[in-house]
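Undergrad: Now for the letters of each chain:
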Amino acid sequence: MGWLSLEEWQAVRLSLDVATRSVLLSLVPAVAIAWLLARGRFPGRMLLDALVHLPLVVPPVVIGWGLLMLFGIRGPIGEPLYEWFGIRLVFTTGGAALATAVMSFPLIVRAVRLGLENVDPGLEAAAATLGAGRLDRFVTVTLPLMSPGILAGAVTAFAAGLGEFGAVITFVSNIPGQTQTLPLAIYNATQVPGGEAMAARLALVSFTLAISGLLLAEVIARRMHLALGRG
Amino acid sequence: MLEVALRHRFGEQGFDLDIAFTAPGTGVTAIFGPSGCGKSTILAAIAGLLRPQSGRVALGGLALLDTERRVFLPPEDRRCAVVFQDARLFPHLSVETNLRYGLRRAPAVAAGPGFEEVVALLGIGHLLARRPGKLSGGERQRVALGRALLARPRLLLMDEPLAALDAARRAEVLPFLARLRDAAAIPILYVTHALDEVDALADRLVLMAAGRVLAEGAVEELSARTDLPLASRRDAGALIACRVVAHDRERGLTRLEFDGGSFLVPLREAPPGSQARIRLRARDVAVATEPPRGISTQNVLPANLVAIEAVTGSQEAFLQLAIGPTLLLARVTRDSVARLGLAPGMALWAVIKAVTFDHAGLRPAGDRPRHDAMEAP
Numbered sequence: 763m764g765w766l767s768l769e770e771w772q773a774v775r776l777s778l779d780v781a782t783r784s785v786l787l788s789l790v791p792a793v794a795i796a797w798l799l800a801r802g803r804f805p806g807r808m809l810l811d812a813l814v815h816l817p818l819v820v821p822p823v824v825i826g827w828g829l830l831m832l833f834g835i836r837g838p839i840g841e842p843l844y845e846w847f848g849i850r851l852v853f854t855t856g857g858a859a860l861a862t863a864v865m866s867f868p869l870i871v872r873a874v875r876l877g878l879e880n881v882d883p884g885l886e887a888a889a890a891t892l893g894a895g896r897l898d899r900f901v902t903v904t905l906p907l908m909s910p911g912i913l914a915g916a917v918t919a920f921a922a923g924l925g926e927f928g929a930v931i932t933f934v935s936n937i938p939g940q941t942q943t944l945p946l947a948i949y950n951a952t953q954v955p956g957g958e959a960m961a962a963r964l965a966l967v968s969f970t971l972a973i974s975g976l977l978l979a980e981v982i983a984r985r986m987h988l989a990l991g992r993g
Numbered sequence: 198m199l200e201v202a203l204r205h206r207f208g209e210q211g212f213d214l215d216i217a218f219t220a221p222g223t224g225v226t227a228i229f230g231p232s233g234c235g236k237s238t239i240l241a242a243i244a245g246l247l248r249p250q251s252g253r254v255a256l257g258g259l260a261l262l263d264t265e266r267r268v269f270l271p272p273e274d275r276r277c278a279v280v281f282q283d284a285r286l287f288p289h290l291s292v293e294t295n296l297r298y299g300l301r302r303a304p305a306v307a308a309g310p311g312f313e314e315v316v317a318l319l320g321i322g323h324l325l326a327r328r329p330g331k332l333s334g335g336e337r338q339r340v341a342l343g344r345a346l347l348a349r350p351r352l353l354l355m356d357e358p359l360a361a362l363d364a365a366r367r368a369e370v371l372p373f374l375a376r377l378r379d380a381a382a383i384p385i386l387y388v389t390h391a392l393d394e395v396d397a398l399a400d401r402l403v404l405m406a407a408g409r410v411l412a413e414g415a416v417e418e419l420s421a422r423t424d425l426p427l428a429s430r431r432d433a434g435a436l437i438a439c440r441v442v443a444h445d446r447e448r449g450l451t452r453l454e455f456d457g458g459s460f461l462v463p464l465r466e467a468p469p470g471s472q473a474r475i476r477l478r479a480r481d482v483a484v485a486t487e488p489p490r491g492i493s494t495q496n497v498l499p500a501n502l503v504a505i506e507a508v509t510g511s512q513e514a515f516l517q518l519a520i521g522p523t524l525l526l527a528r529v530t531r532d533s534v535a536r537l538g539l540a541p542g543m544a545l546w547a548v549i550k551a552v553t554f555d556h557a558g559l560r561p562a563g564d565r566p567r568h569d570a571m572e573a574p
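Sequences listed follow chains A and B, in order.
If you read the first sequence in our numbering, its first letter stands for residue 763, the second for the next number, and so on.
If you read the second sequence in our numbering, its first letter stands for residue 198, the second for the next number, and so on.
If you are wondering where the hints come from, they were derived from the structure by calculation, not from laboratory data.
Every value quoted in this text rests on a predicted model; they were computed, and no experiment measured them.
Any given hint might turn out to be false.
As the list claims (entries may be wrong) - Capping the alpha-carbon separation at 25 Å, the derived lysine to any residue pairs in SDA-like fashion look like this:
(1) B:Lys331 / A:Arg984
(2) B:Lys331 / A:Arg899
(3) B:Lys331 / A:His987
(4) B:Lys331 / A:Leu885
(5) B:Lys331 / A:Val981
(6) B:Lys331 / A:Leu816
The shape of chain A in the complex, shown without the other chains (with noise of 0.2 Å):
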């Protein structure tokens, strides 16, 4: 890759690394979470709706902030994680993982959600009164019916996380090869005296990233629909 450094390089790759462990991280509790919000009734359903989209609304630097309380290294979460396990979150790969895991925990949802709302319950009932008890129709109906908004939500939120900025930089700070992401890369190139070539290739490298993602999820969304018989 002769028109990109090193560095630039390692941003790329590092924002690629970032966005799908902060995918597969959230992929399973959002599926559950979305499961409970479109078809569970119980008391409180409407506070965790709230809560799950509170990054939609709350300045990513907030978010930043509570994880680093949650789980820096003295945190209510950080510090049993490093004392038993030795995991520590704050400055690493792994903490940018969570801290972008969290900002598009909204958008997985909201698509699996869809995805969700748009199976029919008549399906699944005619599977239970063919003898499938209810994992084996969520296995068999509900999951392959939902997984274009599955699969929507991930493309979405992996192309989202490619650029999380506010609650990475303050959870895991701006470290080359560590936690330095895309975004990250192209602020820290605006803020060197000229730097603006690094800053327009980097962006240029940003965009043409989200755009495929995009579009990718709209082709595989398409062929699913047509293997679901949706024409």
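Place chain B on chain A using the hints.
TA: Then chain B, alone, in the frame of chain A:
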């Protein structure tokens, strides 16, 4: 045997459901009534898709639901397969995988027709590789019938399986329903608001209105009663089980035998011995006090006048006529009743034109013997 007793109240402005009936261990029991009378709710409660406020459902002595004893088997453990009005095939699976869905989950000991047999029975062999989205409405419903039957259920529930189809599609699927009924050795509960489906398929009838059971019994028996809403229909009339005896090709006539007598009807293409069931509309039956002469009517049968019932809100009356053990209904004007001095107990002649039978539905040819004849003595 299926025993059902349910009570359920829907919401504030909803209606009360309060019903009880039984269905025998084989054959088709139709739940018949106008839309919104609670028929489908009963089916959902039996299948376990709805939890009624109180009630009991037992199948062959096993309680599927008993609110008093806190029994509620989940639908997947009830083995009551449902054929829904909208087929509800799984869109992401092929026809074959749909058909095998219930079969794969049926207990190994459960008996029933095999995959190949059901596919042949329903004529869906050429559809196996397709997706449900590529099927016509009639094909979809046939696959749904097969899927339900292959689940090896102990009870087959059908929720207006033909109601979403147009007339041509209904005519396409109805014979398959009859074949499935004959192949299935399990009770079938068939919800419908179409009387011709009752005539073609049902052995027993549970008549419903506004959340209550008005009457239950053999279809023939309820059809001959004048005190039920069935009697106020335009096509009201006795339903008579017949057997094709012989054809007279020269005269262009077929003789149908029923319990107590026989009819001459225009030539039919059913082989002798096959079962036929005809709805003889009350408005098509006339009576005479002495045998009429010089009349074109083919069927002049001695009958006994059992009862005279005024038709509410009209100048007409129903005559209940007995020919042997079989009951016919005739609808005549009150003036005729007075003019002929009709009174219960009188010996009359029932006059029925042969061409009247043209509109009456026959059970598909090559039919099985009637269920009551099949049961062990």
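Undergrad: All the hints need checking, so say for each whether the structure fits it.
TA: Now for the hints, and whether the structure bears them out:
{"no.": "1", "hint": "B:Lys331 / A:Arg984", "result": "holds (17 Å)"}
{"no.": "2", "hint": "B:Lys331 / A:Arg899", "result": "holds (23 Å)"}
{"no.": "3", "hint": "B:Lys331 / A:His987", "result": "holds (14 Å)"}
{"no.": "4", "hint": "B:Lys331 / A:Leu885", "result": "holds (18 Å)"}
{"no.": "5", "hint": "B:Lys331 / A:Val981", "result": "holds (22 Å)"}
{"no.": "6", "hint": "B:Lys331 / A:Leu816", "result": "violated (43 Å)"}
In this structure, only the earlier hint numbered 6 is contradicted, and the remaining ones agree with it.
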